[in-house]
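Undergrad: The hints should help you fit chain B onto chain A, whose structure is shown.
There are 2 protein chains.
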Amino acid sequence: MSSLSEIQAAAARIAGHTRKTPLLSSPFLDQIAGRPIFVKPECLQHSGSFKFRGAWSAISNLSMDQRRAGVIAFSSGNHAQGVAMAAAHHNCSAIIVMPSDAPEIKRTNTQALGAEVVLYDRETEDREAVTAALNPDGARTLIAPFNNHDVIAGQGTIGLEIAVQSAELGIDSASVLIPCGGGGLTSGVALALEQHPGLTVHPVEPEGFDDVARSLVSGKPEINQRLSGSICDAILTPSPGELTFPILNRLCSEGIVIPEEDCLRAMALAFERLRIVIEPGGAIALAAALFHPDKIAGDTVIAVASGGNVGAEMFTQALKNMKA
Amino acid sequence: MSSLSEIQAAAARIAGHTRKTPLLSSPFLDQIAGRPIFVKPECLQHSGSFKFRGAWSAISNLSMDQRRAGVIAFSSGNHAQGVAMAAAHHNCSAIIVMPSDAPEIKRTNTQALGAEVVLYDRETEDREAVTAALNPDGARTLIAPFNNHDVIAGQGTIGLEIAVQSAELGIDSASVLIPCGGGGLTSGVALALEQHPGLTVHPVEPEGFDDVARSLVSGKPEINQRLSGSICDAILTPSPGELTFPILNRLCSEGIVIPEEDCLRAMALAFERLRIVIEPGGAIALAAALFHPDKIAGDTVIAVASGGNVGAEMFTQALKNMKA
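Those protein sequence lines, which keep their order, are chains A and B.
The letter at position 276 of the first sequence is residue 276 when you use UniProt numbering, and the numbering goes up by one with no holes.
The letter at position 225 of the second sequence is residue 225 when you use UniProt numbering, and the numbering goes up by one with no holes.
Do not rely on the hints blindly, as some may be mistaken.
With a Cα cut of at most 30 Å, we get these calculated BS3-like pairs of lysine-lysine [unchecked claim]: (1) LYS20(A) <-> LYS20(B); (2) LYS320(A) <-> LYS295(A); (3) LYS320(B) <-> LYS320(A); (4) LYS320(A) <-> LYS220(A); (5) LYS320(B) <-> LYS295(B); (6) LYS295(B) <-> LYS220(B).
Bear in mind the hints are in silico, worked out from the structure with no lab data behind them.
Next comes chain A alone, as it looks inside the complex:
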């Protein structure tokens, strides 16, 4: 069972190996949103997303025998790079199963970081089945992207940092907005902030992929109709996980669902006002804060920018958006 003490143990394991990302802000963004906005830029994390935290947390907790046998993972791209980088640091071989439509930059980075990449078709193949077939004797430890206690605990370290940093800024009360796929990041942060009732955690999803928002309403795991076809590739998962859903259901405030096009506008403003690079899925919490103020109660918002692995073409498209 994931818990605050697991997150604290993960924080001790990752200390000195992950970056403690700052909280960024700009008066120009506050003006657009009509309230103070702080951005936690996990795009600045090693491997370009928060996934490095969970990957390091999980792999650093393996025995020497397990490390020698290697790890295996499936991922749309950010968990892939996080696992590849953390595995390489632990002298541990890694096989990563990735969808064939993952952004090229994520695939080539994963390979360049030393992992073996195996592609599958997101619409016709089941990634867990492909992964199992590649590890028939189960020798390799599966590092699941969100249904893994050590991974959830690693992502939760972001919540511990938010608690400290918001206190330093004198923030007692804020909506913490999180880009949400399978819920590993959201559930970890929600657990880490359980003792901070002023900080309410909201998953943010694109329209058409709002499984978590609907699950929070119905009280049971809901499933998305589609599994591809969004620019928010990082957060397209069929449904919340077995481990993450009970945490989300117990601790999260309502989900926020917005059009994916808003992510491009948020990317452009993050470029201009914070000088950071965010990918579409990683920009959705900031997009909600900037362009959907009516969907957010209270005053201050803390938006996690979960990743920045985006190709030049998509980023250029976002910047064109800005000038229009």
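TA: Chain B only, in chain A's frame:
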């Protein structure tokens, strides 16, 4: 006379008001450079460049009467925004004299931050004369961009942070590369690192605007032939300052001079590998580290990325460069 104790006093004044920027790195950049590279991303600083440190240091050291009378400054754009933002926080009015060819984003930002902007022609008018004419009775305090002890001390706080952060990383010895215009940042950092002989400070300039490199060779302030016509708008100054040159001459190692086009390639790699936005002039130290390894002695490099105020058009041009 600028000194380490002035920098320490400035550090106390700016504490809690400026961001302590991290040291970023990527195995991909290390591979290109053939050595470990760390980047100090001052593009993440308030107002998008290191200039906010010096501006806050200077304005926070004014008396209440001086603040009431307001400040005046001349700047190609980054000092402008830093002064505008720091002045607004101190309820202090600001007039900023800017060249008519400054990037539009820098001019509009300066105005949006509450300063009055007056334009001049970089080739035909003298900015100090224009500034003096706007302040005939001398009531407003001039916040010079680099010839000001409090400004130099504020920029020097970056050196204090580099000393602490490099020690945390176990770095005893490194070349510290700094984008250099009038030398305020370079001289401040050199002073801050004077007691750290393993950390050698090198100004970096674009070809055709290498006044500081030539001054370090000749031992007297040299002057640039041209004052405009480079994409590195942030670091085009006629010559090192009266206050900065003696410090540069006493403490800096040799200057590094590279083609300005390399800045666009460095911007593209910083986008892809560090997920930060750097402007051309701010990228020149990183460009030297990445593409001119033969001009650097020793092993580790720490490159300051001094600013990130760049428009979408120029940034898109840099990204096109990447794909070529």
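Undergrad: Could you run down the list of hints and mark each one as holding or not?
TA: Consistency of the hints with the structure:
1. Between LYS20(A) and LYS20(B), the direct Cα distance comes to roughly 12 Å. Compliance with the 30 Å bound is thereby established for this hinted pair.
2. For the hint linking LYS320(A) to LYS295(A), the alpha-carbon distance of about 27 Å falls within 30 Å, and the restraint holds.
3. Taking the CA atoms of LYS320(B) and LYS320(A), the gap is near 14 Å; set against the 30 Å cutoff, the hint holds.
4. Only pairs whose Cα atoms come within 30 Å are accepted, and LYS320(A) paired with LYS220(A) is rejected, the gap being roughly 40 Å.
5. A threshold of 30 Å between alpha carbons decides the hint, and for LYS320(B) with LYS295(B) the separation of about 27 Å falls inside it, so the pair holds.
6. For the hint linking LYS295(B) to LYS220(B), the alpha-carbon distance of about 23 Å falls within 30 Å, and the restraint holds.
Comparing the model with each earlier hint shows a violation of hint 4 alone; every other hint is respected.
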